Amino acid sequence: MTVSRAEAKRPEASSKRRRQGSSRYSWSSLFYVAPALAFFIVFVIVPIVQSVRISFYRWDGITAATPVGFSNYVEVFTNPAMREALSHSLVLLFFYAALPVVIGLFLAGLMSRIRIYGLTWFRALLFLPQILSSVVVAVSWRDILAIDGPLNETLRAVGLGSITRAWLGDFGTALPAIGGIGTWVEYGLCMLLFLSGIASIDRSLYEAARLDGAGPIREFVSITLPSLRPQISIALILTITFALRNFDLIWNTTQGGPGTSTAVPSVYIYQDAFQNRLLGEASALAVVLTVLTLVIVGIVQLALRESPDRAPRSTPEPAQAPGKEERNS
Amino acid sequence: MRHSVRAGHRARFMSMPLTTSVVALLALSGCGAPGSGAAAESSDEDRQSITEEVTPEQIADLGDVTLSVWADQAEEGLMEEVVPAFEDEYPNVTVDVTYKSFDDLIATVVNAAASSSPPDLFQGNIGHAVDGALVKGDLVRPLDDVADVYGWEEGTGASTLDPARWNDEGSAFGSGTLYGMSPISEVQGIYYNKEKLEELNLTAPDSVEDLEAGAAAADEAGEQAIMLGNSDQYAATHIFSDIAATTQDPADIAAWIGGDPDATFETEGNAEAAQTMAAWADAGYFGPGYDGISNQDAIARFADGEGVYFVGGSWNGAPLNSEEFGFGSLTSGGVGATASPWHISSSTDAELPAIAFLETLHSPEVGQQILDTGRLPVVTDGVTADDPLEEQTLTALEETIEAGTQVGYYDWATTDMLNQMGGTLQEVMAGRVSPEEFTEQVQEVWAEAHG
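Read top to bottom, the protein sequences are chains A and B. Quick note, the first sequence lines up with residues 1 to 329 if you use the working numbering. Quick note, the second sequence lines up with residues 1 to 451 if you use the working numbering.
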């Protein structure tokens, strides 16, 4: 107990030391981050500030802009096409974020339990969609889902010829079809994150659970899932931002069609900014989309944060747990 | 309360970007509204009109000159013939051509023209999105004097200049001051598979009625009547425009596209044409899944022998060989237009070489080269085709120009018309929107853009 108490104190002491150090060397450390910071300001901060500013103007990018107050924002919130686009984004959230996390969990759980010959090879293969250029992905899937593509050929071969269609060209199936492509792109990333998370779970927890008579499902629900909370949080943040800002997959498969059945905010941002030269409206929509993304990601982070009362169960390293308990009491 | 858990960490983490952004905001708000002062430098006073043809001596007096040019990638073949000949004629001029894909070009050329070092000569695109912005921003030189001196307003090419004419405000085009010239024209029509027509005992189509009758016969025989790839949303609008030009006066369509305040899209003719599109789609003339096939894939399939007809335009002709395919002109209302016009920058310091280059592009010799590289020239006098398909396409062009049905493209009407009309037409063809709702919605988009 004395040992663990000493350990518990140590982080505080070291953090105090670090704080002192940082204030003493702050100017020279700024020098080290200066190049990155300069890039960050020039290529991230300044464009964001410019976008916010332009969103209050009506501007074609060339002639002098006229200030229009909040009317671009009013347009965003009152235009029925925008509401429709946002509802499409919500559907895509399910396909781009929820589904990949579920599939990733399933695959990671499976791979961590069963000894598979050539595991590295499988892992690399399942991660492949993530590293392919999205244009390549879009073009390949366009062919797979085409009216005489391999998917329909397969359906016909197994006697399901009646449901074949141009999956990306049908008003009813275009959005789920694009969603399916997103799922395929994202689940590999989720799986890899979860696999690395599982690798850091103490094996003794599983042994203890087995001694208590837990089956594989019970083990997964009681140990693996709670321990993966940080990885799930990261996976959701990555996939949700990908879902909400996704443009390239949609543009290269349907361009928002047929009709407007796959149009999402980013498609309208592109059209307004680069085709219609309505930079004010495009900027307003981009700002709204950014805020919306931050809010949704914030909610996810809040919901999945490590709350203190749950800490012992989800702490990856059980060695520290007694120490923490000591401190808490 | 809810934020207390991580507030401390968060606040420290956030403070840095927050302060920098505030600083940046303050710095930026120092200048005026975006865009003010950008295009104001070129003024009308120091612009000189030419009264006589530019002579080689005048250009030779300029010393070494570089003419920087931005061109569509599709012009590369032509430029490789024209540029060396031009440099031979004017040895002190170096022509420096930058090629851009069409999409890249129209997305960037306006900004490039507004920059501090614009290209001297560049291609825009007819309509409000590109040419309109160039004219409004005072970024391109008026060309009425050039057209006058070189006689562009006479001969076969004359009417093809109209889409590059703009009113003083830059809000409507079709008449007014000339700002651009395109040496290349396009014509819409019906490509047909010769062998299949023969099997079906059909003759080459030269009207929408011929097409409709032929499509019905082809469909009955179990063939896909019309090959269509509409995932890009624009291919079907070309078929619609062919039909619409027969159900009303083509001049009315041209007026509407140009932005004439009295024009409207809510005409019986347009509703009827939309109805025809829906009926053809319903009858299966376009085959299954046309909204899931890209236009490029569709033309490739047609070239491989799928489908009896392909309703498109002369820009689709490259993959089709003249032994197997023919081109039916639509004298009853085939539409077409000029391709991307060339503009001279209003702040160029190579004005005379730029004018000389434009005149070279407008010559019959280059017209022949244009035809030889698979396109259609606006100057058709003294130009001869060397294969039957080319011959048919050239004839179709001459006939549509003569019939006055070269009304231009609907997507010139407003900057977002391509997506708006294309997307709604997809819904009409799927039976989700009625032809009347279609014309009403399209007119709404147009009215919004034209105030």
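For the record, the hints were derived by calculation from the structure and aren't laboratory data. Hints should not be assumed to be uniformly reliable.
To be verified - Covered by chain A, per the in silico footprint, the following chain B stretches (three or more residues, Cβ under 8 Å): (1) 235 to 241; (2) 256 to 269; (3) 418 to 430.
What the hints assert, rightly or not - Simulated coverage check for chain A against chain B, where a stretch passes if three residues somewhere in it have a Cβ under 8 Å from a Cβ of chain B: (4) 56 to 65; (5) 111 to 124; (6) 211 to 223; (7) 250 to 260; (8) 274 to 283.
Remember, it's a predicted structure, so these values are computed and weren't measured experimentally. Just so you know, even glycine gets a beta-carbon here, dropped at the ideal spot from N, CA and C.
Structure-based check of all given hints:
1. 235 to 241: violated (count 0)
2. 256 to 269: violated (count 0)
3. 418 to 430: Per the Cβ count (8), the hint holds.
4. 56 to 65: Answer holds; 8 residues pass the 8 Å Cβ test.
5. 111 to 124: Not satisfied, violated; 0 residues make the cut.
6. 211 to 223: violated (count 0)
7. 250 to 260: holds (count 8)
8. 274 to 283: holds (count 6)
In this structure, the earlier hints numbered 1, 2, 5 and 6 are contradicted, and the remaining ones agree with it.
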